[in-house]
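Q: Sequence:
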Amino acid sequence: MFAYQDIVAGVKAAAKSNRSEDYTHCQLLNLYSRNLGFENFHQLQTSLKALPKDNFGQISTKLMRKVCAQKLPSQDSSYFEFLCHPDGSTSFYSYWIGWDRFGKEVRVPRPLIGLTSVKGMREHRDMPVYVLESSKEVLAWKYGWKGTAYMPESVAREFFAFSFNKEHLVDDNPDMEQVRKNSPFGGNFCRD
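Residue numbers (the numbering used here): 1 to 192.
Simulated from the structure, these hints should not be mistaken for laboratory data. Heads up, the beta-carbon is just placed ideally off N, CA and C, and yes, glycines get one too. It is possible that part of the hints are untrue.
[As the list claims (entries may be wrong)] So the derived label-pair ranges between C-beta atoms look like this: (1) LYS181 / LEU51: 55 to 63 Å; (2) SER135 / GLU39: 14 to 22 Å; (3) GLY88 / ASN35: 39 to 47 Å; (4) SER78 / ALA9: 17 to 25 Å.
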């Protein structure tokens, strides 16, 4: 599913996003390559180039999963938290924008400071938290990896446009009787 360049670019992105005063960029490339099971960045590159094409797809998807579970979000944009459930359905961290004509909450994805959120989630959770920044990564997550993922707005809107475009569902004069019948607060996670 992923090409050689995707894996190399993913390791470079992880090293770039996880800057440290203790390590140079080259040392970080080697560190992330070791986390993937290679001796260093050079060995990662030469080993991947030497792989037979029929084995590369499966191996590249496993490697990219590890890369996405290690890299951190950019500080330059908002990120959105999505959860892909075992049945393939998705939910997202949201905020309330109103009620619909049936008295139910209308919620849209909430922008988050990705770096802070991902670091916090990884500290307190035993499961991977993926950072997805390309179409291929989102597809691998949605149809294979599952779990929690953070993605920048451009990627989130591309794959989950309906989740963002719900203003038309908000009723200007909701039936308050219906609103009272429904739960006053459905929680911050919304399932489409």
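Q: Provide an ascending list of the numbers of those earlier hints which the structure does not satisfy.
A: Violated hints: 2 and 3; rest satisfied.
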